[in-house]
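Chemist: One-letter residues, chain by chain:
There are 2 protein chains.
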Amino acid sequence: MKLSELRKHQRRALGFLKKARLPITAHEAKNIEVADFGLNDVQHIGLELVVYENNDRYCAKELVLFPGQICPEHRHPPRDAGNPGKRETFRCRWGKVFLYVEGEPVRRPKGKVPADKKPYFTVWHEIILKPGDQYTLAPNTLHWFQSGPQGAVVSEFSSSSDDESDIFTDPNIMRIPVIDQ
Amino acid sequence: MKLSELRKHQRRALGFLKKARLPITAHEAKNIEVADFGLNDVQHIGLELVVYENNDRYCAKELVLFPGQICPEHRHPPRDAGNPGKRETFRCRWGKVFLYVEGEPVRRPKGKVPADKKPYFTVWHEIILKPGDQYTLAPNTLHWFQSGPQGAVVSEFSSSSDDESDIFTDPNIMRIPVIDQ
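Chains A and B supply the protein sequences, listed in that same order.
Take 1409 as the starting number for the first sequence in the working numbering and just add one per residue.
Take 1409 as the starting number for the second sequence in the working numbering and just add one per residue.
No wet-lab data here; the hints were simulated from the structure.
Do not rely on the hints blindly, as some may be mistaken.
Cross-link-like lysine to any residue pairs, in silico, SDA-like; alpha carbons within 25 Å at most [what the hints assert, rightly or not]:
id: 1; chain 1: B; residue 1: Lys1469; chain 2: A; residue 2: Pro1492
id: 2; chain 1: B; residue 1: Lys1518; chain 2: B; residue 2: Gln1451
id: 3; chain 1: B; residue 1: Lys1426; chain 2: A; residue 2: Pro1539
id: 4; chain 1: A; residue 1: Lys1469; chain 2: B; residue 2: Ala1489
id: 5; chain 1: A; residue 1: Lys1469; chain 2: B; residue 2: Lys1518
id: 6; chain 1: B; residue 1: Lys1469; chain 2: A; residue 2: Leu1422
id: 7; chain 1: A; residue 1: Lys1538; chain 2: B; residue 2: Gln1451
id: 8; chain 1: B; residue 1: Lys1469; chain 2: A; residue 2: Asp1464
id: 9; chain 1: A; residue 1: Lys1426; chain 2: B; residue 2: Gly1423
id: 10; chain 1: A; residue 1: Lys1538; chain 2: B; residue 2: Glu1436
For clarity, every value in this text was computed on a predicted model and none was experimentally measured.
Generate coordinates for the entire structure from the input sequences, incorporating the hints supplied.
Modeler: Below, the structure is given as structure tokens:
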């Protein structure tokens, strides 16, 4: 991703944080992470993140989803004997989120995925999060989410975060931080 | 605390959450915790809390401070061999907070404590948190905080929370949840 493109997505993400009335510092704004998951199609599959704190015990982030943007299916595997994998809570602050987890598939999902990516979305139990709603995921369970047509801002509270260990259903995905390349 | 008084403080706290544009559910609103620390003087020394999630790994809360309200000095001691005590991050979302921790005392503190309680406030290293600012406390370190004249709303991200184990400097304090009594 070119620096100019990164800055464009960061500015757009900042706009959503402003709509949600969630103030961030200038330093945080300059360092908004834009995850394209190595697919180079941020518009459809991507995520914007402000990491407030990530230490060996807990993590807190703000997630921004542009309208219809998808965070692709993945799970957080066990890391060692004392760590069963990342546990996380999503709390919708603004907009609407369609969250999909393991369980009974919904008949008519609100979420829409690109046709060529369908095989990489295997869980369809639907949870709809509106502002003030939240959902806590058990470690090592598959999940993905997409924002509604207005976009969304979601607070994530979790155990320690280590994105590099995430396992994605789509083998083409690489979860590496996007920086000027 | 009488139920009528609890409800009054809950309504007031909800007003601050609305000012901060932090939506909570009706169920959460009815269950806002009002901590009076056993001092029966919520106006001056007290805290209002919405606990979003508290599990054996992490915890996330919204804290409301009425104008000038004080969360009294305390620390989170080690709990067992594997737990050095609660670690926590305060992120100001709205208003202003004067946070006091161990370290070089400030010469002219912004925080003001009632004269008869002064002996129970022993750390005076001042950190001022405005919206978007945050501070992470090491476990088992003394701290207290007070909101500015407008009140404040603060997100707390932390390791697992167990209020009952908190150690307060003021021996008159009992940290028990306030319910209809």
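Chemist: Hint by hint, note whether the structure agrees.
Modeler: Tested hints:
At roughly 24 Å between alpha-carbon atoms, lysine 1469(B) and proline 1492(A) fall within 25 Å of each other, so this suggested pair holds. Annotation: proposed proximity of lysine 1518(B) to glutamine 1451(B) holds, straight-line Cα distance about 18 Å (limit 25 Å). A distance of roughly 12 Å separates the Cα atoms of lysine 1426(B) and proline 1539(A); the hinted pair therefore holds under the 25 Å criterion. This hinted pair does not check out: lysine 1469(A) and alanine 1489(B) have alpha carbons roughly 29 Å apart, beyond 25 Å.
For the hint linking lysine 1469(A) to lysine 1518(B), the alpha-carbon distance of about 30 Å lies beyond 25 Å, and the restraint is violated. A distance of roughly 24 Å separates the Cα atoms of lysine 1469(B) and leucine 1422(A); the hinted pair therefore holds under the 25 Å criterion. Under the criterion of a C-alpha separation no larger than 25 Å, the hint pairing lysine 1538(A) with glutamine 1451(B) is inconsistent with the structure, at around 33 Å. Restraint check: the Cα-Cα separation between lysine 1469(B) and aspartate 1464(A) comes to about 19 Å, which is no more than 25 Å; the hinted pair holds.
Straight-line distance between C-alpha atoms of lysine 1426(A) and glycine 1423(B) comes to about 20 Å, which keeps the hinted pair within the 25 Å bound. At most 25 Å may separate the alpha-carbon atoms for a hinted pair to count; lysine 1538(A) and glutamate 1436(B) meet this at roughly 14 Å.
In summary, the structure is inconsistent with hints 4, 5 and 7 from the numbered list given earlier, while agreeing with the others.
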